[in-house]
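2 protein chains.
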Amino acid sequence: MHAALYHYINQYTGVTLTNPEQELVKNAFTPKKLRRKQYFLQEGDVCRYLAFILKGATRQYSVDEKGAEHILQLAVENWWIGDRESYMMLTPTIYNIDAWEDTELLLIAKADLHQLYQEVPAILLMARQMDDRHSMAIQRRVNAAISFSAEKRYADFAATHPEFLQRFPQHLIASYLGITKETLSRIRKQAI
Amino acid sequence: MHAALYHYINQYTGVTLTNPEQELVKNAFTPKKLRRKQYFLQEGDVCRYLAFILKGATRQYSVDEKGAEHILQLAVENWWIGDRESYMMLTPTIYNIDAWEDTELLLIAKADLHQLYQEVPAILLMARQMDDRHSMAIQRRVNAAISFSAEKRYADFAATHPEFLQRFPQHLIASYLGITKETLSRIRKQAI
DNA sequence: CGAAAATTTGACATGACTCAACTGGAGTGG
DNA sequence: CCACTCCAGTTGAGTCATGTCAAATTTTCG
Numbered sequence: 174m175h176a177a178l179y180h181y182i183n184q185y186t187g188v189t190l191t192n193p194e195q196e197l198v199k200n201a202f203t204p205k206k207l208r209r210k211q212y213f214l215q216e217g218d219v220c221r222y223l224a225f226i227l228k229g230a231t232r233q234y235s236v237d238e239k240g241a242e243h244i245l246q247l248a249v250e251n252w253w254i255g256d257r258e259s260y261m262m263l264t265p266t267i268y269n270i271d272a273w274e275d276t277e278l279l280l281i282a283k284a285d286l287h288q289l290y291q292e293v294p295a296i297l298l299m300a301r302q303m304d305d306r307h308s309m310a311i312q313r314r315v316n317a318a319i320s321f322s323a324e325k326r327y328a329d330f331a332a333t334h335p336e337f338l339q340r341f342p343q344h345l346i347a348s349y350l351g352i353t354k355e356t357l358s359r360i361r362k363q364a365i
Numbered sequence: 174m175h176a177a178l179y180h181y182i183n184q185y186t187g188v189t190l191t192n193p194e195q196e197l198v199k200n201a202f203t204p205k206k207l208r209r210k211q212y213f214l215q216e217g218d219v220c221r222y223l224a225f226i227l228k229g230a231t232r233q234y235s236v237d238e239k240g241a242e243h244i245l246q247l248a249v250e251n252w253w254i255g256d257r258e259s260y261m262m263l264t265p266t267i268y269n270i271d272a273w274e275d276t277e278l279l280l281i282a283k284a285d286l287h288q289l290y291q292e293v294p295a296i297l298l299m300a301r302q303m304d305d306r307h308s309m310a311i312q313r314r315v316n317a318a319i320s321f322s323a324e325k326r327y328a329d330f331a332a333t334h335p336e337f338l339q340r341f342p343q344h345l346i347a348s349y350l351g352i353t354k355e356t357l358s359r360i361r362k363q364a365i
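Chains W and S, in that order, are what the protein sequence lines are. Here the numbering used here is used: the first residue of the first sequence is 174, the next is one more, and so on. Here the numbering used here is used: the first residue of the second sequence is 174, the next is one more, and so on.
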């Protein structure tokens, strides 16, 4: 069950967990399954858990006053989900996270995570790596959002996340890019 | 000289550095002054230092193929600047950072920072807080970029960073918001 | 098969951009 | 103190990219 997580930790830190460490990690994380369309987090909730995706796909989005959804994150296996702001500050989130496919997660509460930081140094390392990678990726996204045309944003996305093109329908990708599904459809037609 | 940094550390971690710790921090950071318009970092450079702003104001921007500048960050006293991706991966940066006002910085190289993490636990704590805050702020910015109109992005910016309105000219703020200076001018006219 | 979801297409509206001209300071040097 | 330049900001006209709405078509899947 937790093997994918051990593997992930090894991959991003170079550290192989000892057996007692694996045990500690195993006890800190709770497995949870989500059916397609089921919420992991809803607007107004406090995000009490971060989750590691073992299997499946999720999306994180906000809903504007007109009811339109705007996708902030698409995530698949080996990605982490949750709203950090809500998780850390214990404030109600403005986002929704739900399962796009049937999904298996490993959940960890804040207190348990901080406990783990003490007990398993590799977790702290992993957290730093995650933050670093996340921060690099999101900076690129901001740059793309303010300086690229819709067409270029799509090209950039397709180059960086080719696997997502298979996994998520176009209207979600359009929303992720900040454009309408119609515009994306026309861009793709052109590009061929 | 370094007092502002000690104060910053205390503010964000609650930790007051001991005298020996202050000494370690002082030795790790190198003061540097920039004249207005002077570069801290240029496209193609490797970003060897992160810097804490003691005094002044800077901007970080990319330049597109048409020569247009797109502002990723505006920063003033007590902000950190640098390109994390380049700093961590030692790859050439795609951004420029220059001084908008005459600026005083404290620089720290990667190796020295990691050394400090070992010697002064409060620095590690501070780094985590910084990452957390940065990650929350930038997530909001992505959300704004993909789901708000130009007008709403400006309102949001003005509400979150009122001090920047005084400090930076409108065309920089427009660029930060991903709109042209003309559009911002018209938005402001309307809003009155 | 049939229903729901996803995608495409067309006509039209509009927000934002471009380009160019103009206005109004804030220096600067004679 | 004036003339000059530089820079920021404003304004207008025309254009373009993208959005909106509605309908048609294709794909997915129970």
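Among these hints, one or two may not hold up.
Said to hold, decoys possible - Heads up, simulated SDA-like pairs for lysine to any residue below, C-alpha to C-alpha not over 25 Å straight-line:
(1) 325/S <-> 356/W
(2) 205/S <-> 287/S
(3) 228/W <-> 176/W
(4) 354/S <-> 321/S
(5) 239/W <-> 344/W
(6) 283/S <-> 297/W
(7) 210/W <-> 315/S
(8) 325/W <-> 267/S
(9) 283/S <-> 318/W
(10) 354/W <-> 313/S
(11) 283/W <-> 261/W
(12) 325/W <-> 324/S
(13) 239/S <-> 239/W
(14) 228/W <-> 277/W
(15) 239/S <-> 322/W
(16) 205/W <-> 239/W
(17) 283/W <-> 313/S
(18) 283/W <-> 307/S
(19) 239/S <-> 318/W
(20) 325/S <-> 215/W
If you are wondering where the hints come from, they were derived from the structure by calculation, not from laboratory data.
For the pair we were handed, residue 325/W and residue 324/S, check the Cα-Cα distance against 25 Å.
-> holds (24 Å)
Do the alpha carbons of residue 325/S and residue 215/W lie within 25 Å of each other, as the hint requires?
-> holds (24 Å)
Holds or violated: residue 283/S to residue 297/W, with C-alpha atoms at most 25 Å apart = Holds, at about 18 Å.
Pair hint residue 354/W and residue 313/S, alpha-carbon separation not exceeding 25 Å | holds (23 Å)
Residue 239/S paired with residue 322/W [C-alpha distance capped at 25 Å] = Holds, at roughly 13 Å.
Holds or violated: residue 239/S to residue 239/W, with C-alpha atoms at most 25 Å apart = Not satisfied, since the Cα-Cα distance of roughly 35 Å exceeds 25 Å.
Given the proposed pairing of residue 283/S with residue 318/W, does the C-alpha separation stay at or below 25 Å?
-> violated (29 Å)
Are the Cα atoms of residue 210/W and residue 315/S separated by 25 Å or less?
-> holds (24 Å)
Measure nothing beyond the straight line between the CA atoms of residue 283/W and residue 261/W; if it is 25 Å or shorter, mark the hint as holding.
-> holds (8 Å)
CA of residue 228/W to CA of residue 176/W, is that 25 Å or under?
-> Roughly 12 Å between the alpha carbons, so the hint for residue 228/W and residue 176/W holds.
Take a quick look at whether residue 205/W and residue 239/W sit within 25 Å of each other, Cα to Cα.
-> violated (33 Å)
Within a Cα-Cα threshold of 25 Å, do residue 228/W and residue 277/W meet the stated pairing?
-> Roughly 5 Å between the alpha carbons, so the hint for residue 228/W and residue 277/W holds.
Checked against the numbered hints above, the structure breaks hints 9, 13, 16 and satisfies the rest.
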